[in-house]
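With these hints in hand, go ahead and build the complete structure from the sequences.
Read left to right, the sequence shown gives residues 1 to 48 (the working numbering).
The hints are simulated quantities; they were obtained by calculation from the structure and are not laboratory data. Remember, it's a predicted structure, so these values are computed and weren't measured experimentally. Errors might be hidden in some of the hints.
The following label-pair restraints were derived from C-beta to C-beta distances [to be verified]: (1) S45 x T23: 29 to 37 Å; (2) A24 x S45: 30 to 38 Å; (3) G17 x A38: 25 to 33 Å; (4) S22 x N44: 26 to 34 Å.
Idealized CB from N, CA, C, for every residue including glycine.
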Amino acid sequence: MAVASAASAQDARVAYGDLDLSTAAGAQTLDQRINTVAADLCRNSRAS
1 MAVASAASAQ DARVAYGDLD LSTAAGAQTL DQRINTVAAD LCRNSRAS
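See below:
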């Protein structure tokens with residue numbers, strides 16, 4: 001079982017200022033953005 005070390009941790013920012021998080025559509029859009037960024041970070045960490 002592999003465990004990520006602090007050396008492999010990555011930071012990312014997800015913009016949400018343009019979203020109305022009190023609506024289902026806004027919350028869903030934020031969720032999609034977070035999932036996209038997480039997938040990109042995971043893909044990039046495997047490539048390193």
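Against the structure, the hints:
1. S45 x T23: 29 to 37 Å: Roughly 33 Å apart at Cβ, these two residues keep to the hinted range, so it holds.
2. A24 x S45: 30 to 38 Å: holds (32 Å)
3. G17 x A38: 25 to 33 Å: Since the Cβ atoms of G17 and A38 sit about 20 Å apart, the hinted range of 25 to 33 Å is violated.
4. S22 x N44: 26 to 34 Å: Between S22 and N44, where Cβ atoms are some 33 Å apart, the hint holds.
The structure fails hint 3 only (numbered hints given earlier).
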